[in-house]
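Residues per chain, in single letters:
Number of protein chains: 6
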Amino acid sequence: MAIVVQNVVRAGQSVIDRLAAAGVATVHEAQGRKGCLASYMRPIYSGAQIAGSAVTISAPPGDNWMLHVAIEQLQDGDILVFAPTSPCDNGYFGDLLATSAKARGCRGLIIDAGVRDVRDLTAMGFPVWSKAISAHGTVKETLGSVNIPIVCAGAAIEAGDVIVADDDGVVVVRREDAETIAVAAEKRLEAEEAKRERLAAGELGLDLYSMRERLAEKGLKYV
Amino acid sequence: MAIVVQNVVRAGQSVIDRLAAAGVATVHEAQGRKGCLASYMRPIYSGAQIAGSAVTISAPPGDNWMLHVAIEQLQDGDILVFAPTSPCDNGYFGDLLATSAKARGCRGLIIDAGVRDVRDLTAMGFPVWSKAISAHGTVKETLGSVNIPIVCAGAAIEAGDVIVADDDGVVVVRREDAETIAVAAEKRLEAEEAKRERLAAGELGLDLYSMRERLAEKGLKYV
Amino acid sequence: MAIVVQNVVRAGQSVIDRLAAAGVATVHEAQGRKGCLASYMRPIYSGAQIAGSAVTISAPPGDNWMLHVAIEQLQDGDILVFAPTSPCDNGYFGDLLATSAKARGCRGLIIDAGVRDVRDLTAMGFPVWSKAISAHGTVKETLGSVNIPIVCAGAAIEAGDVIVADDDGVVVVRREDAETIAVAAEKRLEAEEAKRERLAAGELGLDLYSMRERLAEKGLKYV
Amino acid sequence: MAIVVQNVVRAGQSVIDRLAAAGVATVHEAQGRKGCLASYMRPIYSGAQIAGSAVTISAPPGDNWMLHVAIEQLQDGDILVFAPTSPCDNGYFGDLLATSAKARGCRGLIIDAGVRDVRDLTAMGFPVWSKAISAHGTVKETLGSVNIPIVCAGAAIEAGDVIVADDDGVVVVRREDAETIAVAAEKRLEAEEAKRERLAAGELGLDLYSMRERLAEKGLKYV
Amino acid sequence: MAIVVQNVVRAGQSVIDRLAAAGVATVHEAQGRKGCLASYMRPIYSGAQIAGSAVTISAPPGDNWMLHVAIEQLQDGDILVFAPTSPCDNGYFGDLLATSAKARGCRGLIIDAGVRDVRDLTAMGFPVWSKAISAHGTVKETLGSVNIPIVCAGAAIEAGDVIVADDDGVVVVRREDAETIAVAAEKRLEAEEAKRERLAAGELGLDLYSMRERLAEKGLKYV
Amino acid sequence: MAIVVQNVVRAGQSVIDRLAAAGVATVHEAQGRKGCLASYMRPIYSGAQIAGSAVTISAPPGDNWMLHVAIEQLQDGDILVFAPTSPCDNGYFGDLLATSAKARGCRGLIIDAGVRDVRDLTAMGFPVWSKAISAHGTVKETLGSVNIPIVCAGAAIEAGDVIVADDDGVVVVRREDAETIAVAAEKRLEAEEAKRERLAAGELGLDLYSMRERLAEKGLKYV
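Residue numbers (the working numbering), protein chains in the order written: chain A, 13 to 235; chain B, 13 to 235; chain C, 13 to 235; chain D, 13 to 235; chain E, 13 to 235; chain F, 13 to 235.
It should be emphasised that the hints constitute simulated quantities derived from the structure, not laboratory data.
Treat the hints loosely; a few may be bogus.
Claimed, not checked - Straight-line distance between alpha carbons at most 20 Å, and here's what the computed SDA-like set of lysine to any residue pairs gives: (1) Lys114/A - Gly89/A; (2) Lys230/E - Leu232/F; (3) Lys230/C - Gly44/E.
The model shown is predicted, which means the values in this text are computed figures rather than measured ones.
In isolation and in its complexed conformation, chain A is listed as follows (with noise of 0.2 Å):
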């Protein structure tokens, strides 16, 4: 049942930057408002916005053995994505594991459980964005499984998935629909800031939108 898959197909490193690019909202919205997990995800410090491709790691509550399996699997432009089998806040992870993970070309890491050593993970540059920060730390004694689909903080996800990560939460993008969704993403930012001047100059939603007719059709009453 413990298994470790070697082979696991990415989106091209273009598309992937052009995500990060885009930020966590505004995929969420070109892909159908789909893909974000749970809202507990917070980063450790603010600022960081980042796109990899996801390498899964599955382990027991409070057993980071697994961590060290995964790095190997790691390739330059990868984000780790961990989940344990069972709610844990323990800190897994902590400045040696980044250490590891960033001379490997990690660009960060997703947890739903805890993490550890924030002020050096800060200073180091390297994101995380967990459930929990904790000190206390786990044990080496039970195998979990590396690059199977898992379910982090309410988000299905496979190896290769490309995850968006920024100071909103984190999205998933199924590897297959990366190119799709970027050029979405692009249209909306685009649209946007046609929207952003005309809203900064006052002009109302209601009517930049449209909006009054289907509100008074469905009841709206002023008093």
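Based on the hints, put chains B, C, D, E and F in the right spot on chain A.
For chains B, C, D, E and F alone, coordinates are given in the frame of chain A:
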């Protein structure tokens, strides 16, 4: 059932500004320890300290249509106060709505739900106190109401009430009490200043507040 | 039942400072992965890393009277450690109490409840680790105890135990173990430094820690 | 600030009983999907279905003094509705208070906090909807108020409002709307009865409610 | 994006019934400790133990329109499995929907949200496992999808997967593994029966499972 | 670090039985409102009311090996008290372990984690108070300790302390205080019986406890 109340009486801007200067904790004390919103309401960035008249919004889970309607009701110096009709973490509000609200003089948003585009909102200096940060957006299908009495994060709020918000959270002051509370808050600030100096000099609260006798009466034992 | 214990034995200041320098995660490992407070205890600002002798406080929900009593018991280098007798998020502690505590050499506060005036506390450089931030203040009506054994955020703490706190959270070290743990922590730091260099150079943890054989024995399959 | 309001207008007993018979979910629908208390309010035993006029209580965390004061204000058919001024799970109410309340005709307790002696309360047939069950008792040191407007479990409630409670939770009906809502609820019950028979016979809601066309218009695809 | 998948392959009814008989905990063990839904999913009444093929539903917060659509897709022996697209406690399902579902042979509902009319559902013997009980109903304005892959309470579920539910919670078995897991579960039940007798007779697990040597090797000390 | 303490002093069985008869709420009051475990600890079925000597267990998240070790340490009349070293909802304990524990005279389990096979445990009459119910089982890979001091659900507990548990929750009494608290609890029960009769007859708590004067002194106003 879906209504927009248009004529909202507001407190004077100068009394509102005095409440902003006093800050949340002092205002809360000054009005007899009441009016705080739940402590899960957190600012998206540190350091903002604002006050303004509430424009209230009640809307269904996952639907932000009424925010567009509410923005038209904003006057210079107002604060948007949003409560979903049932608990919801969706990101109801982002940088486009903030651009529009800011263009109408809005000072910030209090939302018992989620917000997104927090990097942009921070860059714009548009402060938000929310229950969650979430990239998960909303639809525009179902009506709600604007400027009706709401319960937001455990506090009853009416349109035109004064909202004070800072790093400690959010407190509401009834519009008709604003002047009285501002005076009481300023009196507290003065009294605190005098106490702060004596405490900084090493005097004990036990002596400053003459607590020793009452502690002994209640039965406190030193061993 | 309400008592103040006055003669508390403390660890030596130099060993306390060595524990502060090691930090929470390393101290936690050094003492066999125990002593962490619950991960919901978060610092009100980033970057503080302290240690000190615990002055413990047990008090009822919504009543901060005992904090005034406790401050008189502070010695230079101490840390206040507060546990309510039942869960409570009220803001028990603000800038006036911090001014008083600081005047007596207090290094910080650990509170399994709420704190307020966080902007002022941050400006003063008075660090607090708390369960909540809340402007909602407290009364002074009911006694509690000072320097009795307490359970704070899931950890048993006695007066004079050493508290270490940083961005990763809070850990308690029994006073009598402080020297031993300081030595063990420093040994870990040295060992980690050597490993960090090798990992940064691209060596894998799988090789550095000789994990491959044991993983195979347990049955890990590469596919 | 601590007051007891003594003259509370109540709805008529027959309309209250009709609301009890309709039950919470139906009453909630009948008044336009509003007035539900938070879903964490759970009955201590299954099967009770009551309604009554609210006697409201606001009291500090961990202090149940005001419950004694409130019991004197009870009239036959009333329901006690308790909200702490900040979140608290303490067991504020047990079998002695229930004995006293029952002797005055009280039909039950709604408490956004804890209750205890639940085995005795169950044996007595005194229903309680609470946020928590906790043996942890309270003190009697600090005043609160009786029959003032409160927010209980997210709902604004005034003394004399009608409370309806059953296994689905708790809903509040404004006193002045009680008659209208009772009529609307009874109309719903009749309509539901007719639908129930058709659905039980195998007719689909899609047909019974003529939904197919609107679903197609909105774009639902069958594949 | 809103689709209804109509041709869903199901496991055979006899294997499904064998999984029901084995129960959730045994099935979970038999498939290598995976597939459990989150432990917050609780039955509305005790004692039900069911299995069935999943008809999956994905729908927006506060909108139960798709439940009507899903009921048409039910076959005898199916279980409805509902996941909102973002967390929501609303009561999406009550006795009318249950009447309709039951008329089509539905065995129960798994819902990562709220349910209502629990007294009626209990009287009907229609079992539900839910995250919440709430009288707060929903609207019918926004589309979702039926029989697409969903994540429900932390578990990835596809239409046609086998759902097993009892007082311990809910577990999902991939349709294609159902036969294998049923066999493994039955083997476990037999083995457990033999162990149960020996344990009841006073034999220790330490001896029955020959644990003493391995405990000593790992370093357990008796003092 | 992993030890089993074998010689545990216990309180006498008759005093333990007297504490069981008094129940949790009365014992909690009798010892000055302390010792309650967190209110999230709930019985798996209603109506059990037990007391016994604690056999304590500390074990890692997701690993129930030490429960087997602890069962050997049980004496007739004991209660197992389990605390994970970090929060975990896994089902650590089921009907096989209960069969074994019961064969050795164990009266029940208190577990700050999950339990499973609750239908079987209920049928066996083996009471459990737990934080969660979960079918998700555990591994047997990592050591913990038995009969060391633990913190369980926020309360410090030592082996041999007396645990009292009923529908209101769980309370711990220090072994050396057991006799004193039993006497105090029985005195309370008698006093309560007298009060219950007077309250049932309609006398008010305000009069029975002579509260009116003190309420007036504190400033309560009737309006």
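Checking one constraint from the list: CA of Lys114/A to CA of Gly89/A, max 20 Å. Satisfied? Holds - the C-alpha atoms of Gly89/A and Lys114/A are around 10 Å apart, at most 20 Å.
Distance restraint between Lys230/C and Gly44/E, which requires alpha-carbon spacing of 20 Å or less: holds, 15 Å
Measure nothing beyond the straight line between the CA atoms of Lys230/E and Leu232/F; if it is 20 Å or shorter, mark the hint as holding. Cα-Cα ~65 Å, so violated.
When the structure is compared with the earlier hints, a violation turns up for hint 2 alone.
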